[in-house]
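Chains as they are written, first to last, in the working numbering: chain F, 1 to 333; chain L, 1 to 340.
A few of these clues could be false.
[To be verified] In silico DSS-like pairs for lysine-lysine, Cα to Cα no more than 27 Å straight-line:
id, chain 1, residue 1, chain 2, residue 2
1, F, K325, F, K18
2, F, K144, F, K208
3, F, K290, F, K274
4, F, K274, L, K34
5, F, K86, F, K141
6, F, K274, L, K325
[What the hints assert, rightly or not] One side of the interface only, derived from the structure: several residues of chain F facing chain L at Cβ under 10 Å:
id, residue
7, D193
8, Y257
9, G260
Just so you know, the hints here were simulated from the structure itself, not pulled from any lab data. Here a beta-carbon is modelled for each residue, glycine too, at the ideal position from N, C-alpha and C.
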Amino acid sequence: MSTQAVQQKTLIEITDLKTYFYTEDGVVPAIDGVSFKINKGETLAIVGESGSGKSVTSLSIMRLVQPPGKIINGDIVFNGESLLDKSDAEMRAIRGNKISMIFQEPMTSLNPVYRVGDQISESLILHQGMSRKEALEQAVKLLKLVGIPEAERRVKQYPHELSGGMRQRVMIAMALACKPELLIADEPTTALDVTIQNQILELMKELKEKTNTSILLITHDLGVVAEMADRVVVMYAGQIVEQGDVYTIFENPKHPYTEGLLRSMPSYGKRTDKLHVIEGVVPNPLRLPKGCRFAPRCQYATELCHAEMPEITQVTEDEVVRCWKHTDRWEGQ
Amino acid sequence: MNQVAESIQLHENDTKNENILLQVKHIKKHFPIKGGLFGRIQAHVKAVDDISFNIYRGETLGLVGESGCGKSTAGRTILKLIEPTGGSIHFEGREITRLKEDEMRPLRKDMQLIFQDPFSSLNPRLSVGDIIGRVLKIHGMGNAQEREDRVKELLSLVGLSPYHIRRYPHEFSGGQRQRIGIARALALNPKFIVLDEPVSALDVSIQAQIVNLLEELQEKFNLTYLFISHGLNVVRHISDRVGVMYLGKLVELADADTLFEAHKHPYTQALIAANPIANPRLRGKKKIILEGDVPSPINPPSGCRFHTRCPYAQPLCKEVEPEFKDHGNNHFAACHFPIA
C-alpha cells in the first residue's frame with residue numbers, strides 16, 4: 001500500500017483490447033474490449049474461471065498470441081510506447097528483459113536438457129551482454145535471492161533434479177534475471193502445495209518491495225488474490241465485469257458474478273449447510289448471449305439484461321462495473 | 001509399532017462395533033524401487049507407513065496433506081486397489097486384507113472410488129450410457145432395458161438429463177464429467193465411497209455445485225465418505241472428522257472444528273496457517289513459513305518425521321518416534337510436544 005501511495009506513475013495501460021480467435025467453427029472473442037492499467041510497484045490481480053480470457057490477456061501483452069488468434073483492436077502502452085507498433089525484434093528485446101513471465105507449470109516451462117544455470121544466464125547474455133562466466137555468477141546470486149540452498153551446486157543441475165517448489169523458484173529467478181519492470185505471473189502457485197505456495201507468495205512480495213516491480217497476477221484462487229493484490233480485475237467470458245481495489249472487491253462487490261464467486265467459496269469460519277451456487281455454466285464462446293454475458297446465470301437478471309449488453313460504468317474514481325444494476329436504466333430488484 | 005499404543009487398543013474390540021463401517025489397523029504400503037543391472041530391489045518408498053483409524057457409518061472423514069504424503073495411496077489401499085504391505089482392513093466387521101480379487105468382487109459393489117480428473121477417468125470411446133451401464137453389466141444387474149432405465153435414473157440423480165445417455169465424454173464440461181463419475185460410483189448402491197480430490201480440477205463456481213451434490217447424495221443414501229483433498233476449505237466444509245498426513249504417517253485426527261481451531265500437531269498448525277484466507281485485511285498475519293521441502297519418503301527422517309521442518313523441534317524429536325495417541329475426546333495426535 002505504501003509503495004502505491006508514493007508511486008502513482010502508470011507503467012502499462014491497456015485500452016479496449018480485443019483478441020479474437022478465428023477457428024473453423026467460428027470467431028471466439030477471447031478478449032472483448034478489455035481496459036486496465038497497472039501503476040509502478042503495484043500488484044494487479046486478474047481473477048476469472050477457465051475460459052474467461054485471463055491467460056489470453058497476458059499472452060496479448062507479451063505479443064505471444066498464436067494464430068488463429070489475433071489482436072484486432074485496442075492498444076497496449078508500456079512506458080509510454082505502444083507494444084503493438086513494435087517489430088518482432090523489438091519485442092524480443094522487451095520479453096524476458098523489461099516484461100517477463102512466470103508460468104503455471106514449472107516442469108513444462110523449463111527446458112529439460114539444459115542445466116538450470118544455463119537457462120537463467122541465457123537472458124543475461126542476450127539482453128545484458130554479459131559473458132557466460134559473469135552470467136553464471138549472476139545466476140548463482142539469483143538462486144540465492146529466491147531462497148534456493150546450495151545455489152552453487154544447484155546451477156549445475158537439470159530441472160528433473162529439483163522439486164516442484166524449487167523449479168518454480170528457478171522460474172522466478174529466470175523471470176527476475178534482467179530486473180523486469182513488469183512481472184506477469186500466470187497461476188504461479190496453482191501446481192504447488194500450500195506450504196510451498198506460501199513460500200513463493202512471500203518471496204514475490206519481498207522481491208516486489210525490494211525492486212518496486214509491478215506484478216500482473218493471474219489466478220482463479222481468491223485466497224491468493226486477497227493475500228497479494230492491490231487492485232483486482234474480475235473477468236467473465238472475455239470481458240471485465242468489475243474492477244476495483246482489493247478491499248472493495250472482497251467487502252463490497254458490485255457485480256453479481258463477483259458476489260457469487262465470493263459466496264460460493266467454502267467459508268473458513270463456521271460450517272454452513274449449503275454452499276452458495278452460481279447455477280449453470282460459462283457460455284459457449286461461439287454462441288455468446290446477446291445481452292449481458294452473465295445474465296443466463298444471474299439471479300437478478302431482468303429483460304433488459306437479456307436484451308442489451310451493459311456498458312462499463314464508473315462507480316467511483318477507482319471502481320468500474322459492467323452491470324445494468326448500477327445504471328439509471330435499472331428497474332429491477 | 002509404537003504408533004499404535006493404547007489408542008488402538010481401545011478400539012481393538014470395536015471390530016464388532018456396528019457404528020464402524022471400516023477399520024484400518026497399522027496399514028502399510030511400501031513400493032519397491034528396482035534398479036541396477038539385475039533389477040534388484042534397492043529401497044522402498046514408504047508411501048503409507050503404519051496408519052490406523054476408523055471410519056464410522058454415515059460420516060465424512062477428510063484426509064489432508066501435501067503431495068506425496070500418501071493420502072491417495074491410503075485411499076486406494078483401503079479399497080484394496082493396491083495390496084497393502086502390512087496391517088489389516090476390516091469392512092463391516094469382516095477382514096478383507098487377504099481376500100483374493102474374485103472374493104473381493106462382491107464387496108466392490110459396496111466400496112467405490114471417485115477420481116480427481118474427470119478428463120482422464122472416463123473412456124472417451126464409450127457413450128455415457130456404456131460407461132455407467134458397463135458397471136451394472138459386470139455385476140450382472142438386470143437386462144439391457146433395465147440397465148438403461150437405471151442409467152437414466154442415475155443421470156437425473158446427479159443433475160444431468162436422461163437424454164445425455166447417448167453422448168460422449170468430450171461433449172461435457174469438467175463439472176458435468178465429474179457428475180458422470182459420481183453417477184458411475186453410485187450405480188451399484190455403494191455404502192462407502194473414497195473421493196480422491198473430487199473438486200480440485202474444477203472452477204470455484206462449479207466446485208460449489210459438486211460439493212452440494214455430494215452432500216445431498218450422502219443424506220439421501222446414507223453414504224460414508226473418505227474425502228481426500230489438499231484443499232483445506234473444502235475439507236473443512238464437508239468433513240465431520242479430519243485426518244492430517246505427513247510423509248506416510250497420520251499425524252493428527254480429530255473432529256473438523258477441533259482440528260481447525262484447536263490442533264495439537266505443529267504440522268497441522270503450519271498447514272492451516274499457510275492456507276490463504278480470502279480476506280485482504282488478514283494478509284500477512286501470523287504466517288508460519290515452513291522451511292524447505294517435504295523430505296524423501298524413501299529415507300524418511302528418524303524419530304518424528306516432521307522434525308526437520310518443525311519450528312518447535314527438540315533433541316528428543318530426532319531420536320524417538322512420537323506415539324499416535326488420544327489426547328481426549330478422540331483427538332489423536334503424534335507429537336512429543338503437542339500445542340496446548
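Starting from the hint list further up, note which numbers the structure goes against and sort them upward. 3, 4, 5, 6
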